[in-house]
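S.K.: Sequence:
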Amino acid sequence: MIVLASSATEHRGLTMTLFGLFVVATLVITVRAGRQNRSASDFYAGGRGFTGFQNGLAISGDYMSAASFLGIAGLIALNGYDGFLYSIGFLVAWLVALLLIAEPLRNSGRFTMADVLAFRMRQRPVRTAAGVSTIVVSIFYLLAQMVGAGALVALLLGVTGEGAKRWTILAVGALMIVYVVIGGMKGTTWVQIVKAVLLIVGAALMTVLVLAKYHFNPSELLGAAASASGKGTAFLEPGLKYGASDTSKLDFISLGIALVLGTAGLPHILVRFYTVPTAKAARKSVLWAIGIIGVFYLMTLALGFGAAALVGRSGMVAVEGKTPSGNTAAPLLAEQLGGGSGTTGGAIMLAVISAVAFATILAVVAGLTLASSASFAHDLYANVIRRGKAGEKEEVLSAKWAAVGIGAVAIVLSLYAGKLSTAALVALAFAVAASANLPTLLYSLFWKRFTTTGAVSSVYAGLISSVVLVVFSPVLSGGKNSLFPNTDFHWFPLENPGLVSIPIGFLAGWLGTLLSKERPDPAKYAELEVRSLTGLGAH
Numbered sequence: 014m015i016v017l018a019s020s021a022t023e024h025r026g027l028t029m030t031l032f033g034l035f036v037v038a039t040l041v042i043t044v045r046a047g048r049q050n051r052s053a054s055d056f057y058a059g060g061r062g063f064t065g066f067q068n069g070l071a072i073s074g075d076y077m078s079a080a081s082f083l084g085i086a087g088l089i090a091l092n093g094y095d096g097f098l099y100s101i102g103f104l105v106a107w108l109v110a111l112l113l114i115a116e117p118l119r120n121s122g123r124f125t126m127a128d129v130l131a132f133r134m135r136q137r138p139v140r141t142a143a144g145v146s147t148i149v150v151s152i153f154y155l156l157a158q159m160v161g162a163g164a165l166v167a168l169l170l171g172v173t174g175e176g177a178k179r180w181t182i183l184a185v186g187a188l189m190i191v192y193v194v195i196g197g198m199k200g201t202t203w204v205q206i207v208k209a210v211l212l213i214v215g216a217a218l219m220t221v222l223v224l225a226k227y228h229f230n231p232s233e234l235l236g237a238a239a240s241a242s243g244k245g246t247a248f249l250e251p252g253l254k255y256g257a258s259d260t261s262k263l264d265f266i267s268l269g270i271a272l273v274l275g276t277a278g279l280p281h282i283l284v285r286f287y288t289v290p291t292a293k294a295a296r297k298s299v300l301w302a303i304g305i306i307g308v309f310y311l312m313t314l315a316l317g318f319g320a321a322a323l324v325g326r327s328g329m330v331a332v333e334g335k336t337p338s339g340n341t342a343a344p345l346l347a348e349q350l351g352g353g354s355g356t357t358g359g360a361i362m363l364a365v366i367s368a369v370a371f372a373t374i375l376a377v378v379a380g381l382t383l384a385s386s387a388s389f390a391h392d393l394y395a396n397v398i399r400r401g402k403a404g405e406k407e408e409v410l411s412a413k414w415a416a417v418g419i420g421a422v423a424i425v426l427s428l429y430a431g432k433l434s435t436a437a438l439v440a441l442a443f444a445v446a447a448s449a450n451l452p453t454l455l456y457s458l459f460w461k462r463f464t465t466t467g468a469v470s471s472v473y474a475g476l477i478s479s480v481v482l483v484v485f486s487p488v489l490s491g492g493k494n495s496l497f498p499n500t501d502f503h504w505f506p507l508e509n510p511g512l513v514s515i516p517i518g519f520l521a522g523w524l525g526t527l528l529s530k531e532r533p534d535p536a537k538y539a540e541l542e543v544r545s546l547t548g549l550g551a552h
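Residue numbers for the sequence shown follow my numbering, beginning at 14 and rising by one.
No wet-lab data here; the hints were simulated from the structure.
Heads up, some of the hints might be wrong.
Stated by the list, open to error - Straight-line Cα separation of at most 25 Å, DSS-like style, residue types lysine-lysine; simulated pairs:
(1) 226 x 244
(2) 254 x 244
(3) 461 x 537
(4) 402 x 413
(5) 244 x 262
(6) 537 x 293
Using the sequences and the hints, build the whole thing.
M.R.: Quick look at the structure:
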């Protein structure tokens, strides 16, 4: 989600040094953590040895992606009040995770989401469906991050052309694979913790500098942003982006539902609940994550309105073109806060914030790769292909090879996806997670009659419907910002499919269960219920 220009090419050495320091530091952390991996539990769940606070930081690092840091600031800078609604959606989503998912998942599963789903159902069909869904969601998210990394590093370092971007994507992909193969969950978690701290510190620094420009008076900042936007008071009121028509209002509802419900079904977030020793620690980690992420999203308010006031739409147009996405807002704001284009201070701030954005990308792609490779090894290889006969060492080895394979697929797709809308990829990942994963999880945990047929139906119906609706939406064709702007094959009017595909996921699970002749074992559900509520028998 990142398009960035470096106006201070003479300070390129500083930028490269910062990037290099972060990469070296995280590689050292990864290698040291990797030496402690002695079992499947170590590789998949970090030995369940992280505290609630540490896991809360790591969850924050996993969740606050480049889309959160750069994308939301840009949306606020361009759309005012309507842009900040993204922050609210991302934050409220954690209440769903806290109240419905975190503790039962930690108590009921072992390494992956499919452990919960398969507890009282037929192993092979359920694990296959869950594994496919996990890998699809993860790859879409990986594409968004890696395409962004290519644009960020290539343009920041002043190199142009597709060749430079491709080399950058290859480098990020290689680092991603190294983090997972060598460090496992322990190494990945520490990288995410470091990244979360850097991101919070960077955002806090920029927030203080923005507020200082306006005498720490939020009203003065909002007034300056509204004035510079050219929209007047409408900039500070609902409706600038999502009030033009009934379709746009429905699109907002659809996006909001996907954001709020999708978080509790994101595989790289779900696996984080297995890294703590107890259900109490799982709850604490979510509470810490809510606090950290909440503070961060409050700071995006200052960053977004600060960018509107100090950079303005014209500044973003100069870098991005006539229809700016806003993804340059935070870096351009950093440059302005440091002294402006061409100044040493501006170049330093630009380099620091860009290095933080790069750290964000590396941490998120590592988490995604680990989640998808763990699902492949534990669900598809060990329990479907090998039918539960694979030993721990064989399973971990297959996870490492899966990380290499999934990383290679993500790299290859990213090389040819440079023009793809990363916003659409991220929205699709949330929509698939909310449509396929969340209904199945909730039914498994809380509906006694839920069957294997219902679980498989829910996953595949949610997965297929969300993908098909995005393919035939304005995201791919029929609009100025579409992937194929010169053709039009869309018939679905909304950019986000959540409003339709999420109910389809729930409905398919319900219908599949009612139409199934299978009769679930009440004793297994009782055991799952006791385990999910009390932690008795949890791994």
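S.K.: Determine for every hint whether it applies to the structure shown.
M.R.: Results for each hint:
| no. | hint | verdict |
| --- | --- | --- |
| 1 | 226 x 244 | 22 Å, holds |
| 2 | 254 x 244 | 12 Å, holds |
| 3 | 461 x 537 | 9 Å, holds |
| 4 | 402 x 413 | 18 Å, holds |
| 5 | 244 x 262 | 20 Å, holds |
| 6 | 537 x 293 | 24 Å, holds |
Checked against the numbered hints listed earlier, the structure breaks none of them; every hint is satisfied.
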